[in-house]
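Undergrad: Residue numbers (my numbering), protein chains in the order written: chain U, 2 to 421; chain X, 372 to 916; chain G, 259 to 687.
For the record, the hints were derived by calculation from the structure and aren't laboratory data.
Small disclaimer: the values here were computed from a predicted structure and weren't measured.
Glycine residues also receive a C-beta, built at the ideal position from the N, C-alpha and C atoms.
Don't take each hint at face value.
What the hints assert, rightly or not - Covered stretches of chain G (in silico footprint by chain U; criterion: 3 or more residues with CB under 8 angstroms from a CB of chain U, positions within the stretch not fixed): (1) 465 to 471; (2) 479 to 491; (3) 530 to 543.
Unchecked claim - Using C-beta positions, here's what the derived DEER-type ranges look like: (4) I499(G) / R409(U): 41 to 49 angstroms; (5) I499(G) / N240(U): 36 to 44 angstroms; (6) H362(G) / N232(U): 36 to 44 angstroms; (7) N493(X) / R409(U): 29 to 37 angstroms; (8) Y268(U) / N493(X): 36 to 44 angstroms; (9) N240(U) / T322(G): 28 to 36 angstroms; (10) G532(G) / S679(X): 42 to 50 angstroms; (11) W535(G) / P88(U): 57 to 65 angstroms; (12) D696(X) / R539(G): 25 to 33 angstroms; (13) S736(X) / G532(G): 17 to 25 angstroms.
Said to hold, decoys possible - Some but not every residue of chain G turned toward chain U, in silico, with C-beta under 7 angstroms: (14) A639; (15) P643; (16) S645.
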Amino acid sequence: MTTLAAAIRAPVTVNRRLVAAGTFIAFGLIDILFGLYAHRGDATFAFSVSGAGVHVPSIHAPASAVAYALGAASILIGLLRAFVDQPPWAKRLSIGLVLLFFVVSLLCWAYAGSAIPLNVVNLLQGTMNLSIPLVLGALAGCMCERSGVINIAIEGQLLVGAFTAAVIASVAGLWLGVVTGSLAGGLLGSLLAVFAIRFLVDQIILGVVLNVLASGLTGYLNDRILVTHPNLNTGLTFNPVKIPGLGDIPIIGPVFFDSTIFLYITYAMIILVQVGLFSTRWGLRVRAVGEHPTAADTVGIRVLATRYRNVILGGLIAGIGGASLTVGSVGTFTKDMSSGLGYIALAAMIFGRWTPLGATAAALLFGFTNSLQATLSTINVPVSSFLLLMAPYVATIIAVAGLVGRVRAPAADGKPYVKA
Amino acid sequence: MKLELTGITKHFGSLVANDHIDLTVEPGEIRALLGENGAGKTTLMNVLIGLVQPDAGEIRVDGKPVVIHSPKDAIAARIGMVHQHFMLVPVFTVAENVTLGLEPTRALGLLDRRRARSEVRNLSERYGLQVDPDAYVEDLPVGVQQRVEIIKTLIREASVLILDEPTSVLTPGETDDLFRIMRELRAGGRSIVFISHKLKEVQAIADTITIIRRGKVVGERPPTATDTELAALMVGRPVQLRVSKRPAQPGDVVLDVQHLTVAGEHGSPVVDDVSFQVRAGEILGVAGVQGNGQTELCEALLGLRPASGSVLLNGRDVSHATPRDRLRAGIGYIPEDRQEDGLVGDFSVADNMILDVYDRRPFASGIALDLSAIRDNAVSRVAEFDVRTTSVDTATQTLSGGNQQKVILAREIGREIKVLLASQPTRGLDVGSIEFVHRRIVEQRDQGVAVVIVSSELDEIYALADRIAVMYEGKITGFRTPAVSVEELGLLMAGGSGAGRPGTLPEADRSSTAVTEKSGSSARSGPAAEAPADPPDDSAPGGPP
Amino acid sequence: MSEQQSGSPPAPSQRPPPAARRPSASFSRTILDAVVKGSPTVVTILAFVAAVVLGGLLIAFSDTTVLHAWSQFFSAPGNAIAQAWDAAAAAYSAMFEGAILNPHTVSAAFHGGSVGAIFYPLSQTASDATPLVLTGLSVAIAFRAGLFNIGASGQWVGGAIVATYLGFGISLPPVIHVIVCLLGGFAGGAVIGWIVGELKARTGAHEVIVTIMLNYIMYNFLSFLLGTPKALQQPGQSNLISPPVAASARLPHVGGPPPQVDAGFLIALAAAAGVWWLLSRSTIGFRFRTVGANPSAARSAGMNVEESWVLVMLIAGGLAGLAGAAVILGPVQSITFNSYGTYGFDGITVALLGRASPVGVVLAALLFGALHAGGTAMEAATQVPSSLVQVLQGLIVLFVAAPPLIRAMFRLRAARAAGLEAVPKGWNT
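Build the full structure now, drawing on both the sequences and the hints.
TA: Dropping the structure here:
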């Protein structure tokens, strides 16, 4: 009796306002610490990319001063949050600003007095590239879970997508590579769909098992065939495509409009899934199935068919994400190259509250930390970059523990629909 | 439109839920379906809206036979239902819920929210059903949610609306509102089938009342029929189950409940300032239609539900004790849902026998279980309680309902308890098992246990109770002796006259420390005479042996 | 409300007795009945057979010689099939020889060769099975209490970190050192598990998410420690590898002249015995099982469900941590940034195959351990990559979920199945 359970458990009730304010102030204090520990000198932020039309001058920022200023600003935001009632947009803006200030302070500290400038554009480009599979994976997760099926197998879908794309591209060209990569993801999705919807296997177990299978199968085929036949793993990749006009805008251009086709596919997917789920009749029905399948059934919506369709579509999207790992990036397939990205995508989806836009924001955040870690590892930073890599995971735990508000999955997520 | 049901019959296994039911609803009529829980009303309605297929019978709309295989067919036949448990998506807006399945769209399938809003507003204004199309359903009070459900049926142009126990979640004010809406809909030519167990309401709103009992139609009456007549039809004459029972010899007060209140989800409390006392050696039967707070009362007494007020066990305050401590203090509990809360289906009979005493001697010393002691205990209990099972190692889910209940009984009665809380103890059992359970309960009472039985079966209440309390909408509406007439009891159960009169509830005003006598005050009203079951003096014999 | 007599399970549609039909039909019917009734052994064996067959096909048709022969199937069908068979058979026999017994060593022993070599494959199997037993127990015990422990991997890391540090960082006399390291390993994993349990009990956070996230937190934490001089970094090394543990902390081989057994394996068996005792003979285990089978009934019987969750996750974490310790103190001796390998996820498949019972876990771990040990040998002998083992593992577990599939095909009523049909749960439990 779930009402019984709900009635008994005494939840941790936290005054969210104080928690948020306290966190902002804490960040501000850390910023000031960065300022204290920074070396004498300026941190240089470069904004140009070689070969760009317009040359944007670099910023030489006095590292400590900037860190202090940003720290003070964060503390101010924290105080505002504690004592002033704010509408939701202001709250989100606060979080964004505090995080931004934190990152800038961190960078000031890391690059203070360094001869090497930090190329912000490269950092952001790296973010975009690293985020593509995360965003696509998270979108795939949204598609599945919004209709009520848990998809732990995003990792496996990315992997089979990467493998298939690399191999087919080597044989039949890049475009066929992407298409077959997508289909491979869809195939894994249909396995998930059949076992979860028809045979009522527990969806979490199923997802884990499918991941094991995907890893094993691609690993085996890699070792057995690709290693001895490198012609099947030639590492072909798409060339970046610069959008005329938009791609020449300083700073923004190289980041958002100068990349492989996968970035543009991702833009399209974000829009399609967001609009689809929340502004179309199709999406309304999908969400009804995920929240209250019996109610949907009583108005004539076909619950099971909807779930099958969504899970397979999700798989197709994840397959594209997988393809981006090979033909959109490094080219050759290596064993287990998805290395946990599927799980990060799952976390992004949860962190983003099962909405495409939210998931995208979360995925970008996670991608940014990865990119930042890669950048910092090229210079001598006193603190290990691994700590930075932990951040997305810690954040997700905090989110799931309800410390930043209720994270609520679609109500019928994970529960198979059996007609009474 | 005219709706005719002829000979509708539905079996669920050996249970006959609907037994050749005939029902005709004329256009522009409000027809009430009156009956207790389990009478078959909801099954009948599920047949009508396509969620259940009847074994026999025919449905005609305006004279023409229709076949209803699915909710879609029902919608096509212009039949709409407002379920007791709403079919609304909480995180959607009113407009989204109402238009789900018939969403107005612009190009490319994009939702036309403006048109949806205006459609909802039109219906809302036309029928006086005030709703805000953009409000999220989960934020709305229940009465408004119900209006949304009604609009859902109207937008599908339902000519027959079925309302299944609509007032069970409404306040009196909201109920009046609902009646007003129903009258408007009737004026517009629609027919309404109004399912309820509440007499007053049915008399207030219906044009004709059809009474259903145990799957059959037992009568049709106009709303001018008397309360007593309707109540009698609804509950029927009690079958006197012969339980040979000595008169009770109650001792001291064992269980003292004062002002127990359990908050409900819908704002009004689901257990509302309940007070009563039970003495050693007496059985208090709590009668009432299911859903009036009895379940929550039992859970609160056991500590499974947070509640305010006080619960004293032999003078000891257990109001804030954990369920474990209350069980240890001597409360025995037979839960209403034996499979969900009483037993672990996968576990063996032996393991289930010790579910609440597994970590005590002799079944365990320290953290080690004594398997042979567990086994021996099970073997002897199985024999003592005549549990039909191949062995004590079989999983309880393979046992019949009666035997499952025996296992629970054996477990609870087998330890030393001072209070036995039994909730619907013979639900779903065969006659033999019922008899067995009743005998054991009386035995416990004779050994000095204070017994509280919650039952919606009046036969059982009459057979077992030494005193009867009736619950309606979370309150106790009256205390009676078993000599009370069925009609009066039915009235109290259905919220009829006699409910809530102050001064007729002697226990309500007791302070928690006073363990005094019930004097022969005007404790009981009505035709029932004072029964000698209530000993007037302190030094009564009986009590714990 | 419709009331159903809760009687004995409805009888499945009765088939005519086998004697009345042709013998071959009755045999297949018997098999199907066994599968449908879900006798776990039968299901596992069938799953194994099915996986082996599919694996064999995979081996054969990823072999270029075989593919070449099949391209000329119509001219030489016999050859094509023979080639396929040979490829699979060669791989599988190499696997067998690497995991169980290599006949050559037996005959060699008779000719004065080493007797110990006969037992080498088995001891390799036992060695590979050791961490699987422990992580399998970790997942299994949590499962019995109703929780998914996807975090055995992170808990493994937690234990391994502590064990490694105690291994090289302090010095103690030989036997005591090992014991202290093992206990430390248990504690390290237990802390991680405890976090998961507490979060679930206090905030309702779903353990699947928390454990997956903790896995990655621990992986990164490990790398962090390996890169930090005062922590786990090997002096003078910039690679992410720790100093090796002292000799006094290493797990020895036990037993006289061959056969010898890895102490780690014995510890794993002891742990399995301990978990068995805990689950079936102790009050704590009784509580775990009740909470896992029916939390409502557990509450009504006065059990504290949340407390049970915390305790079981603590124990589960400890077991996985012990696995980490066993690996570092045993075959590996130093910890690197990816030492955790697939132990955690293998533990999940072992627990699933072993139906979450300690005995089943040991047997499943031995099976998968044999596959691992055999896989290495197979790769050395026939160039069939050892990653085939993971495919076999996944297929076996997937087929164990197959009874519903077969049942559905024949539209037979559900008997109590041994499949993966645990009550499907969602995020919002």
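Undergrad: It remains to establish, for every hint, whether it holds in the given structure.
TA: Results for each hint:
1. 465 to 471: holds (count 5)
2. 479 to 491: Held - the segment 479 to 491 of chain G has 5 residues with a Cβ nearer than 8 angstroms to chain U, which meets the minimum of three.
3. 530 to 543: violated (count 0)
4. I499(G) / R409(U): 41 to 49 angstroms: holds, 44 angstroms
5. I499(G) / N240(U): 36 to 44 angstroms: About 39 angstroms separates the Cβ atoms of I499(G) and N240(U), which means 36 to 44 angstroms holds.
6. H362(G) / N232(U): 36 to 44 angstroms: holds, 38 angstroms
7. N493(X) / R409(U): 29 to 37 angstroms: With a Cβ separation near 33 angstroms, N493(X) and R409(U) satisfy 29 to 37 angstroms, so the hint holds.
8. Y268(U) / N493(X): 36 to 44 angstroms: holds, 40 angstroms
9. N240(U) / T322(G): 28 to 36 angstroms: Cβ of N240(U) to Cβ of T322(G): about 33 angstroms, so the range 28 to 36 angstroms holds.
10. G532(G) / S679(X): 42 to 50 angstroms: Between G532(G) and S679(X), where Cβ atoms are some 46 angstroms apart, the hint holds.
11. W535(G) / P88(U): 57 to 65 angstroms: holds, 59 angstroms
12. D696(X) / R539(G): 25 to 33 angstroms: holds, 26 angstroms
13. S736(X) / G532(G): 17 to 25 angstroms: Holds: the Cβ-Cβ distance is about 19 angstroms, inside 17 to 25 angstroms.
14. A639: violated, 15 angstroms
15. P643: holds, 3 angstroms
16. S645: Holds, about 4 angstroms.
Hints 3, 14, counting from the list given before, are not met by this structure.
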